[in-house]
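Chain residues, written in single-letter form:
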Amino acid sequence: MQKIGVFVCHCGTNIAGTVDVKAVAEALSHEPGVVFAADYPYMCSESGQNLIKDAIREHGLTGVVICSCSPRMHETTFRKAAASAGLNSYMVEIANIREQCSWIHKDMKTATEKAVILGRAAIAKVALNTPLTASETPVTKRALVIGGGIAGIQTALDIADAGFEVDIVEKEPTIGGKMAQIDKTFPTLDCAACILTPKMVDCAQNEKIHIYAYSEVESVKGFVGNFTVGIKKKARYVDETKCTGCGLCTEKCPMKKTPNLFNLGLDTRSAIYIPFAQAVPKVATIDADYCNMLKNGRCGVCSKVCTAGAIDYHQQDEHIEEKYGAIVVATGFNPIKLDNFDEYAYAQSPDVVTSLELERLMNAAGPNGGTLLRPSDKTHPHTIVFVQCVGSRDTSGCGKPYCSKICCMYTAKHAMLIRDKYPDTEVYVFYIDVRTPGKNFDEFYRRAVEEYGVHYIKGMVGKVMPQKNGKLLVRASDLLAGEQLKIEADMVVLAAAIEPDKTARSLATMLTASMDTNDFFTEAHPKLRPVESPTAGIFLSGVCQGPKDIPETVAQASAAAAKVIGLLVKDKLKSNPCIAHANETLCNGCSSCERVCPYGAITYVDKEFRMPDRTTKIRRVASVNAAVCQGCGACTVACPSGAMDLSGFSNQQIMAEVDAICR
Amino acid sequence: MPISEFKPKIVAFCCNWCSYAGADLAGTNRLNYPADVKIIRVPCSCRVNPIFILRAFQRGADGVILCGCHPGDCHYTTGNYYTRRRMTLLFSMLDYLGIEKERTRVEWVSAAEGAKFAAVMQDFVKTVTELGENKRLEDRRCKKP
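Residue numbers (our numbering), protein chains in the order written: chain G, 1 to 663; chain H, 664 to 808.
Chain G with its partners taken away, still in its complex shape (with noise of 0.2 Å):
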């Protein structure tokens, strides 16, 4: 016989506000099994979860059914509360009445009917629910950190101070990510690479970080805390044990016009190459591209003059399999493509820059060892015009709609910078919004307008054209004095949008872990999870879950750190016990399921059954592996006799739901 306790929650107004609540409670009272029901203002307080504990010990109860929020929000409070009280907690369902009834619907007769239909169906589901008991699963206590940039350096050295190990696999032939390539960091205008490299430094030395460069993840299977990563190892054609990192290969390769990618193509280097004196690992890379030798097998000068024996130019992609018990995704950004645009004449000319290319050619391992001068032509530019929002905020298609919120700030820096060391400089800021939230951002914004004599200009610039005289003439409009200007111009700054890394995209199909519209990564909860993506053991840190700068970067990169050492300290965890299980006496061994389940979770054992004329026969019937199921269900609908089902979903439950539903 079937107790059922029903508990409505007013969720404040939320849900009161819109769904006359007492009249659920009443309407659900008289459902088949009810025995008990009852509204609370908030369901989830501590008096609320009482109140159901008390329910549940009072009466009996069998079966709980919570109409109150998404069971996204509190289904485990909740389970957690009927355990509490003795009952098994997947004896517990949540009709949600808020997000998907209270708050969509303005007229509260069609709402309140809408949650007893809800919570019909939630009863008619319970009336069915099994008692379940979560296994346990050993956890793999290691790290990966896809991505070497300041948000995945940050995590793994957080990480490995707390004692576990940590892999970090970056694309590029060294970690630093941009953060590297940066000049001066706002809003203190301190040396990007004087606080970025003390830490690239630490984690070369860190004995627990493991530093995978120039490889890229291929393949994630596995669960939270079981992961299993397969990593390929780009051949760099030099034996990274070996090599030395001495450069003298960089100085005698004869390749030299092979465009320096750190530098953004705005210089050259040799085709074997260290990106930048920093780098770490500190090892020489074979741009095979533009290598004599692997091109045309002719040349050899690098193997010839390394005397540490470190050339290998029949070295092969290495492919490694290890494993991790959760994964931090940190693949950064990059800046947009300008093709759309057209207008900024970028393609044209040389002295249209965007803002990345501005801070190497400022930065003094830049192309001009950090003396700006104009791209074209090496002379001083004495004006300088900077456009931002190239492709930000911008709804027509062309660029990303949202906002790439670090642009303001360092166009601010920039400005600041170029007045302060050359004061015969104009700079002109042409802005839709000066957007600078942020601790002393709008203090060091005001900086660079009072002190420094910034132009900042409210409008947008219409169109830049290469003049013949080596100049660029920019058409504007000043919107607050309501005129068209004309400036000519010595260099043009484009503040081109960011973009997630292309690669985040694959990424993130391998990692199931969700992305919105925009390819961000999508967080557990905006609010209360940001850190988390909804596929448990995989964590975001850094701009590939949404813009940001440095310091809410490295936040954020601790913070995943954080989380990250919160699982890896557990010895074991419970696993979803939703899972799918085979009848055996229905089952006739067709393979039908085993095909379908995307986890090899199911195998085929032969067993033994007793037949009605008491002979033995042995049948081949299908077994779940509980540790590997993942609980999606596909077997169950590939099933032909209907002898695969889903524990928490079965077929019934379902069934009764869309009965309830339809009644």
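None of these hints come from the bench; they were simulated from the model. Any given hint might turn out to be false.
Stated by the list, open to error - What follows is a list of derived Cβ distance ranges for each label pair:
hint	chain 1	residue 1	chain 2	residue 2	range
1	G	Ser396	H	Asn695	26 to 32 Å
2	G	Gln652	H	Asp758	25 to 31 Å
3	G	Thr130	H	Arg804	26 to 32 Å
Glycine included, every Cβ here is placed at the ideal spot set by N, Cα and C.
With chain G held as given, fit chain H onto it using these hints.
Relative to chain G, chain H alone:
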């Protein structure tokens, strides 16, 4: 029954990871869609057995919609591909039986697409309302007098 009074019964199966979260987001953003839609949570869209849909029509549902993660984004890697194939077959068979194709639908709604969820539901309810009651598969013996 005149169209203005007709309130269709719509069953929506939503996968736990994308569409159910998308529906929650629609709620969080207070995006209105008709109350005729009742959502059933399933772990994955591939959990939806064709029998559930037949059962819904038998019990008097006027429309059934299935929502899952976008192809390629399935939490279980391949679940929604099965859904896509199975439902293509089922819906054409239902169409043959007289359950118009417009009464059944598969939509991909991610956890970030609350607005899409609301828009899809509005559109689906409108389409089903225009088609009127489903009488083809309804089993009158299941109806309470």
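Taking the hints in turn, this is what the structure says about them:
| no. | hint | result |
| --- | --- | --- |
| 1 | G:Ser396 x H:Asn695: 26 to 32 Å | holds, 28 Å |
| 2 | G:Gln652 x H:Asp758: 25 to 31 Å | holds, 28 Å |
| 3 | G:Thr130 x H:Arg804: 26 to 32 Å | holds, 29 Å |
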